[in-house]
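Colleague: Chain residues, written in single-letter form:
Protein chains: 2
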Amino acid sequence: MREGDKLTVTDGQGSFYECTLLQANPKQCLVDIQNCIEKPKGWGYNLRIAFAPTKQMERNEWFVEKAVEIGIDRFTPMLCHYSERREVKTERLEKIAVSAMKQSQRSYLPKIDELSQFEKVISEPFNGKKYIAHCYDLPKKQLAQHYKKDENAFFLIGPEGDFSQEEVEKAIATGFEPVTLGDSRLRTETACLVAIHTIHVINSLS
Amino acid sequence: MREGDKLTVTDGQGSFYECTLLQANPKQCLVDIQNCIEKPKGWGYNLRIAFAPTKQMERNEWFVEKAVEIGIDRFTPMLCHYSERREVKTERLEKIAVSAMKQSQRSYLPKIDELSQFEKVISEPFNGKKYIAHCYDLPKKQLAQHYKKDENAFFLIGPEGDFSQEEVEKAIATGFEPVTLGDSRLRTETACLVAIHTIHVINSLS
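Sequences listed follow chains A and B, in order.
First residue of the first sequence: 28, per our numbering; consecutive thereafter.
First residue of the second sequence: 28, per our numbering; consecutive thereafter.
No lab work stands behind these hints: they were computed from the structure.
Note that this is a predicted model, so its numbers are computed, not measured.
Be aware that a few hints might be false.
As the list makes no split between identical chains, a pair holds if one copy fits it or if it spans any two.
Once the Cα atoms are required to be at most 30 Å apart in a straight line, the calculated DSS-like pairs of lysine-lysine come out as [claimed, not checked]:
#1 Lys66 with Lys167
#2 Lys82 with Lys168
#3 Lys168 with Lys129
#4 Lys197 with Lys68
#5 Lys68 with Lys176
#6 Lys197 with Lys122
#7 Lys167 with Lys129
#8 Lys197 with Lys147
#9 Lys54 with Lys156
#10 Lys168 with Lys66
#11 Lys157 with Lys82
#12 Lys33 with Lys156
#13 Lys54 with Lys168
#14 Lys116 with Lys168
Between the sequences and the hints, there should be enough to build the whole structure, so can you do that?
Modeller: Here you go:
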């Protein structure tokens, strides 16, 4: 682009700005803002997911891209007992999130946390419903039948080898409700996407 | 595996077979079936999607993997006016479908058609609701508010550059209802997954 060109930028917090380029510099450019267009995130509830990143990094990247397209507020990569991947470059995930935000013409960039220990994640306060999805043969509710419109939701999704039984018990003790996402055995990244999309579908019902 | 080993095989049509290996040959092996376990596909409706494959083949492969995990009956790769990809190796997609079926412990393998012309696809009979998702600013229904539990559903999802207006008109003339999948601009493969998952969520409501 050249000086004088028109462009639209976003702050990633719900606003677009129609601008004219004053100084075109690949490292840092200066624009003149002509107009601000508010575009709220598109859902009225708070949607957070803490997930154990999969071994294959591209599966995590795929999930971040899709979740940004569909809509999410916050990602928390989480270190669990059976985690196969024990480190994550969040800058890479952030780049993917920014790209997906632009591609899907959104103006809202979700927060991506640094990798945290499971125990730390479950101890954080959350104002809304808290769910843990696991594969053990224990009493569970069907997410779609349990979640009610407009509720904030916070999901824990475990690694390929599932949460440990101890992790499931700890989560339940701190207020997470065990849920099932259906009768199929889903990959970690598929379970993540299915959880957040279920929330959006229920909220879009009349 | 060796002769005498126990294994479980599936016919991809709703049955698992508990077997003993009689002749172990990498090209063709012989098993003795001890037991047949019926495991129906897990949903009672017929779910078909015709989609314009994306330029990047891995996005199509990703969609096939995820759709098999979540549940689908039939995929039809479709050639549209603005299609960027004009050929698809369905054998590769079939391999991915088989792998996803095994991974998700399903016994049902969806059908994957050869690439077909848009006009041919829309002329095929379908006993159920027919939907076309497009991005034009024309009257559309919200899928989640329009679809009713237990109905069969057939979706048309267009290429990255959308259907042509003429294609949208032809589809509507042959009984496809225009729907929106939400207020975000979704990539082709994301729209495909969102469409089929919306159907499953509505059917899992109490």
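Colleague: Indicate, hint by hint, whether the structure satisfies it.
Modeller: Structure-based check of all given hints:
1. Lys66 with Lys167: Classified as between: cross-chain Cα gap 21 Å, same-chain 37 Å, threshold 30 Å.
2. Lys82 with Lys168: within (28 Å within a copy, 40 Å between copies)
3. Lys168 with Lys129: For Lys168 and Lys129, only the inter-copy Cα distance (25 Å) is at most 30 Å; the intra-copy one is 36 Å.
4. Lys197 with Lys68: neither (33 Å within a copy, 34 Å between copies)
5. Lys68 with Lys176: Both. Shortest intra-copy (17 Å) and inter-copy (29 Å) distances satisfy the 30 Å Cα cut-off.
6. Lys197 with Lys122: Result: close neither inside a copy nor across copies, 33 Å intra and 40 Å inter.
7. Lys167 with Lys129: For Lys167 and Lys129, only the inter-copy Cα distance (24 Å) is at most 30 Å; the intra-copy one is 38 Å.
8. Lys197 with Lys147: Within one copy only: 11 Å inside a chain, 55 Å across chains, cut-off 30 Å.
9. Lys54 with Lys156: neither (43 Å within a copy, 52 Å between copies)
10. Lys168 with Lys66: Between. Shortest inter-copy distance 22 Å satisfies the 30 Å Cα cut-off; intra-copy 35 Å does not.
11. Lys157 with Lys82: within (25 Å within a copy, 39 Å between copies)
12. Lys33 with Lys156: Answer is neither; intra-copy 44 Å and inter-copy 44 Å both fail.
13. Lys54 with Lys168: For Lys54 and Lys168, neither the intra-copy (51 Å) nor the inter-copy (44 Å) Cα distance is at most 30 Å.
14. Lys116 with Lys168: neither (34 Å within a copy, 41 Å between copies)
When the structure is compared with the earlier hints, violations turn up for hints 4, 6, 9, 12, 13 and 14 and for no others.
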